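J.: What follows is each chain in one-letter form.
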Amino acid sequence: MASESLALREQFGSPGHQRDTSAVGMWLFLATEVLFFGGLFVGFGVYRMYYTQGFVEGAREMTLVIGSINTAVLFTSCLTMSLAIRSMSQGNQFRTYVLLLITIGIGLAFIALKFVEYYFHYKAHKVPGIWFESSSLYAGAEELFLVYYFVLTGLHVIHLSIGIGITAVMAVRTAIGRFSASWHTPLEVTGIYWHFVDIIWCFLYAIFYIPGFHK
Amino acid sequence: MIATAKIEAVEAPNYLTEKHGIKSWLLTIDHKRIALLYIFGITGFFVIGGVAALLMRLELLTPATDLVDPETYNKLFTAHGIVMVFFFLVPSIPTTLGNFLIPLMIGAKDLALPKLNLASWYVYMAGGAITLYAIASGGVDTGWTFYTPFSTVYSTTHVAAAAIGIFLVGFSSIMTGLNFIVTIHQLRAPGMTWFRMPLFLWSHYATSVVMILGTPVLAVTLLMVLVERVFGVGIFSPELGGDPVLFQHMFWFYSHPAVYIMILPSMGVVSELIAAFSRKAVFGYVFVAFSSIAIAVLGFLVWGHHMFVAGESVYSAMAFSILSYTVGVPSAIKVFNWSATLYKGSIAWETPLIYAIGFIGLFTIGGLTGLFVAALGIDVHVTDTYFVIAHFHYIMVGGAVMGYLGGLHYWWPKISGRMYPEALAKAAALIVFLGFNLTFFPQFVLGWLGMPRRYAAYPPEWQFLNIISTAGATILGVGYALPLVYLTWSWKYGPRAGANPWRATGLEWQVPSPPPTHNFEVTPIVTHKAYDYAGMKEQLGLG
Amino acid sequence: MISPVFYTRNYVLAYVGLLGLLLLSALLAFINMGWVNMFVALAIAAMQGAILALVMMHGLFEKVLVRLIIGGALLWFAILFTLTFADYITRGWVPIAGK
Numbered sequence: 004m005a006s007e008s009l010a011l012r013e014q015f016g017s018p019g020h021q022r023d024t025s026a027v028g029m030w031l032f033l034a035t036e037v038l039f040f041g042g043l044f045v046g047f048g049v050y051r052m053y054y055t056q057g058f059v060e061g062a063r064e065m066t067l068v069i070g071s072i073n074t075a076v077l078f079t080s081c082l083t084m085s086l087a088i089r090s091m092s093q094g095n096q097f098r099t100y101v102l103l104l105i106t107i108g109i110g111l112a113f114i115a116l117k118f119v120e121y122y123f124h125y126k127a128h129k130v131p132g133i134w135f136e137s138s139s140l141y142a143g144a145e146e147l148f149l150v151y152y153f154v155l156t157g158l159h160v161i162h163l164s165i166g167i168g169i170t171a172v173m174a175v176r177t178a179i180g181r182f183s184a185s186w187h188t189p190l191e192v193t194g195i196y197w198h199f200v201d202i203i204w205c206f207l208y209a210i211f212y213i214p215g216f217h218k
Numbered sequence: 182m183i184a185t186a187k188i189e190a191v192e193a194p195n196y197l198t199e200k201h202g203i204k205s206w207l208l209t210i211d212h213k214r215i216a217l218l219y220i221f222g223i224t225g226f227f228v229i230g231g232v233a234a235l236l237m238r239l240e241l242l243t244p245a246t247d248l249v250d251p252e253t254y255n256k257l258f259t260a261h262g263i264v265m266v267f268f269f270l271v272p273s274i275p276t277t278l279g280n281f282l283i284p285l286m287i288g289a290k291d292l293a294l295p296k297l298n299l300a301s302w303y304v305y306m307a308g309g310a311i312t313l314y315a316i317a318s319g320g321v322d323t324g325w326t327f328y329t330p331f332s333t334v335y336s337t338t339h340v341a342a343a344a345i346g347i348f349l350v351g352f353s354s355i356m357t358g359l360n361f362i363v364t365i366h367q368l369r370a371p372g373m374t375w376f377r378m379p380l381f382l383w384s385h386y387a388t389s390v391v392m393i394l395g396t397p398v399l400a401v402t403l404l405m406v407l408v409e410r411v412f413g414v415g416i417f418s419p420e421l422g423g424d425p426v427l428f429q430h431m432f433w434f435y436s437h438p439a440v441y442i443m444i445l446p447s448m449g450v451v452s453e454l455i456a457a458f459s460r461k462a463v464f465g466y467v468f469v470a471f472s473s474i475a476i477a478v479l480g481f482l483v484w485g486h487h488m489f490v491a492g493e494s495v496y497s498a499m500a501f502s503i504l505s506y507t508v509g510v511p512s513a514i515k516v517f518n519w520s521a522t523l524y525k526g527s528i529a530w531e532t533p534l535i536y537a538i539g540f541i542g543l544f545t546i547g548g549l550t551g552l553f554v555a556a557l558g559i560d561v562h563v564t565d566t567y568f569v570i571a572h573f574h575y576i577m578v579g580g581a582v583m584g585y586l587g588g589l590h591y592w593w594p595k596i597s598g599r600m601y602p603e604a605l606a607k608a609a610a611l612i613v614f615l616g617f618n619l620t621f622f623p624q625f626v627l628g629w630l631g632m633p634r635r636y637a638a639y640p641p642e643w644q645f646l647n648i649i650s651t652a653g654a655t656i657l658g659v660g661y662a663l664p665l666v667y668l669t670w671s672w673k674y675g676p677r678a679g680a681n682p683w684r685a686t687g688l689e690w691q692v693p694s695p696p697p698t699h700n701f702e703v704t705p706i707v708t709h710k711a712y713d714y715a716g717m718k719e720q721l722g723l724g
Numbered sequence: 268m269i270s271p272v273f274y275t276r277n278y279v280l281a282y283v284g285l286l287g288l289l290l291l292s293a294l295l296a297f298i299n300m301g302w303v304n305m306f307v308a309l310a311i312a313a314m315q316g317a318i319l320a321l322v323m324m325h326g327l328f329e330k331v332l333v334r335l336i337i338g339g340a341l342l343w344f345a346i347l348f349t350l351t352f353a354d355y356i357t358r359g360w361v362p363i364a365g366k
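Chains as they are written, first to last, in this note's numbering: chain W, 4 to 218; chain H, 182 to 724; chain B, 268 to 366.
Don't read these hints as lab results, they were simulated from the structure.
One thing to keep in mind: the hints can contain errors.
[To be verified] Cβ-to-Cβ under 8 Å is the rule here; a few derived chain W residues that face chain B:
| hint | residue |
| --- | --- |
| 1 | Ser25 |
| 2 | Val27 |
| 3 | Gly28 |
| 4 | Leu31 |
| 5 | Ile69 |
| 6 | Ile72 |
| 7 | Ala75 |
| 8 | Phe78 |
| 9 | Arg89 |
| 10 | His198 |
| 11 | Tyr208 |
| 12 | Ala209 |
[Said to hold, decoys possible] Pairwise CB distance ranges (calculated):
| hint | chain 1 | residue 1 | chain 2 | residue 2 | range |
| --- | --- | --- | --- | --- | --- |
| 13 | W | Leu111 | B | Leu327 | 29 to 37 Å |
| 14 | W | Met52 | B | Pro362 | 17 to 25 Å |
| 15 | H | Pro371 | W | Ala184 | 27 to 35 Å |
Everything numeric in this text was worked out from a predicted model, so none of it was measured.
Note that beta-carbon positions come from the ideal geometry of N, C-alpha and C, so glycine has one too.
Put together the whole structure using the sequences plus the hints.
T.: Encoded structure:
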């Protein structure tokens with residue numbers, strides 16, 4: 004079974020060639036994700052330019068503490084993911100497995116905190132399309148801010164969940180011995196994806212949470 | 182099974198005969214079989230889109246709205262646009278000819294990511310099924326452009342289902358483009374440097390870059406339309422302060438480069454056909470190669486020319502107008518270089534060449550009329566009229582579809598191992614050319630006179646031109662039906678073709694027709710430049 | 268090219284850097300600087316993104332093609348952003364209604 008996954012696919016010249024190809028493929032996919040999220044950032048930017056005051060009021064609805072903790076949480080998961088891949092490249096199967104499980108746990112913690120936040124928004128009647136009330140002068144803009152907030156963070160959660168799923172599969176494959184120090188390309192590629200999802204979060208934190216800090 | 186054994190005694194197993202049964206087709210990872218799966222899907226959607234067009238043209242025979250009611254007419258042009266753009270033109274050449282030929286042309290045994298290739302077909306078919314459901318269960322009436330707030334707030338048709346179907350097929354497109362880029366970078370045979378690649382590959386590389394960078398923006402735009410429609414929130418509609426023009430920016434950021442996705446592969450085919458049937462290297466190879474890249478890049482900078490009258494700022498419109506002129510330059514370079522290739526070439530008047538020359542003429546007309554609409558002043562007059570419709574059909578049908586048919590005929594012996602009936606094919610090509618011009622040339626005149634697009638009724642003085650257009654459309658339909666019939670016929674009954682019936686250069690002609698599953702027994706080593714007719718005279722059996 | 272083995276120290280340093288930038292952006296956000304706030308927040312996010320892309324995703328060590336892909340994606344996002352904003356910023360510059 005280990006030899007089946009290590010087997011060189013017929014169209015490649017060497018394992019390094021195959022690994023390079025997988026990496027290029029993943030980076031190209033991430034390029035599409037940049038444009039995917041990018042479209043939303045542009046729309047957000049346009050509306051923020053037009054409705055700055057309303058958007059700042061929308062940002063005040065964010066729970067800054069949870070947002071900031073979540074950011075730190077994700078960074079930690081990136082560290083554990085990187086260390087997991089490094090462990091595999093040294094051939095330490097057990098340590099890789101443990102670190103992958105920790106990464107998954109941290110990812111799940113992020114999602115749990117996110118849903119706690121969503122629940123607070125729901126309690127405060129700040130969920131556009133489902134239950135939204137505002138007494139502000141800029142209610143329309145505030146709702147627009149929140150639409151972008153839910154869509155962008157929702158997409159981020161979906162991407163993170165997919166990442167958790169893939170990492171879980173990688174953890175299983177690590178445990179049953181599919182990878183080795185010289186070949187663990189799927190693991191590397193998963194790591195690249197995972198870190199990218201965090202990059203997106205950095206920008207979400209900047210546009211949704213930061214504006215709400217000051218009075 | 183007895184018949185199969187007989188064939189195997191006569192020829193070595195090829196990708197068609199090596200494995201049998203429906204599972205070997207539906208679970209294949211052979212790029213050649215996947216190409217055939219796509220041909221099946223593409224042709225089906227072409228027929229559906231064509232039927233919608235036929236019904237529209239029948240309605241337009243008379244000035245009054247008598248064949249169908251206005252709401253149904255709206256659904257017809259929407260179905261025609263959505264099916265033709267997203268399910269036929271964007272995938273056509275890349276997923277059929279591209280999938281089949283790219284590994285062969287670079288000397289590889291398959292694409293870089295074969296399972297992704299198969300997945301892309303399933304995603305394509307899933308998207309198609311959902312969109313067909315939307316059309317069959319009552320249709321969509323927003324036009325393929327889904328302008329807001331009509332599509333998000335006021336339309337009562339199946340917008341959400343159609344949006345989901347297109348969202349899915351967009352991912353199929355991204356998967357294909359990603360696969361091609363990785364393949365062309367990573368799997369070229371030894372000696373196949375970038376500048377020894379056939380121009381077909383340069384075109385497909387450029388197309389793939391556009392697919393990768395543009396399609397995600399369409400996806401996210403459709404997602405926003407879905408959110409607005411399902412949750413009733415105003416992202417693109419004015420109730421909450423949303424801007425309908427923002428939708429248009431995001432939509433056209435993809436949909437303009439999409440037209441380059443539709444034409445670049447066809448240009449790649451034409452380069453191959455012109456070289457093969459003039460027995461000459463393409464003149465100015467490097468210029469043609471870089472023109473493909475230039476078209477891909479510049480094509481991303483011009484989307485605002487669809488919004489000149491929509492409310493974008495004048496300065497922005499001026500910028501987009503100037504940029505739109507620049508994108509015509511690399512296309513013109515290609516036309517000049519193809520013409521120079523034909524000059525003093527040893528011309529063989531085969532069917533593929535007829536399509537290729539038809540392409541050059543019709544694409545030039547379409548492209549020149551593009552310059553008309555790129556001019557701000559003229560566009561105010563002709564936008565949303567039949568002038569624009571004629572302009573883009575000259576490029577999409579006179580260009581892209583003719584390139585597709587030419588390529589299909591040229592590589593048919595390689596794909597099927599059989600030759601098509603020559604006289605019938607030439608007749609069909611001429612019928613297509615005649616039918617096409619009769620259909621669309623009157624539309625330039627109608628548009629200039631002021632006939633708006635997407636209207637089922639018009640003033641009676643324009644009936645004559647509309648009748649000519651519909652007559653042409655019928656002839657065009659016959660012209661398209663003929664290859665469908667004789668190519669299918671030739672699959673079983675056509676004369677068998679050898680490995681290189683056209684005596685053309687290119688690695689795909691070095692393998693048997695049809696090729697074995699793994700393409701090359703031994704990885705070829707490339708020592709000749711592209712289209713080296715002069716240097717390969719003996720190998721090709723030319724005097 | 269088999270992937271090189273990276274020192275744990277680099278990853279930990281990157282992690283500390285990320286947390287430090289997070290703290291910095293949070294602290295700076297309390298100061299009301301008008302439009303500069305958003306600019307600073309995005310700049311810090313970009314720096315965090317750079318640390319993640321170049322160190323944790325090994326962007327610094329990958330081949331040229333990968334760096335071209337990263338650059339291309341960013342450039343294309345910039346095209347989308349700039350040309351769209353060009354419309355919105357220049358609206359109302361000409362004294363004609365709707366232009």
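J.: Look at each hint and say if it fits the structure.
T.: The hints, checked one at a time:
1. Ser25: violated (11 Å)
2. Val27: Interface hint status for W:Val27: holds (6 Å vs cutoff 8 Å).
3. Gly28: violated (10 Å)
4. Leu31: Holds - the Cβ of W:Leu31 comes within 8 Å of chain B, reaching about 6 Å at its closest.
5. Ile69: violated (13 Å)
6. Ile72: With a minimum Cβ separation of about 10 Å from chain B (threshold 8 Å), the hint on W:Ile72 is violated.
7. Ala75: holds (6 Å)
8. Phe78: holds (5 Å)
9. Arg89: With a minimum Cβ separation of about 6 Å from chain B (threshold 8 Å), the hint on W:Arg89 holds.
10. His198: holds (5 Å)
11. Tyr208: holds (7 Å)
12. Ala209: Interface hint status for W:Ala209: holds (4 Å vs cutoff 8 Å).
13. W:Leu111 / B:Leu327: 29 to 37 Å: holds (30 Å)
14. W:Met52 / B:Pro362: 17 to 25 Å: Holds: the Cβ-Cβ distance is about 21 Å, inside 17 to 25 Å.
15. H:Pro371 / W:Ala184: 27 to 35 Å: Between H:Pro371 and W:Ala184, where Cβ atoms are some 30 Å apart, the hint holds.
In summary, the structure is inconsistent with hints 1, 3, 5 and 6 from the numbered list given earlier, while agreeing with the others.
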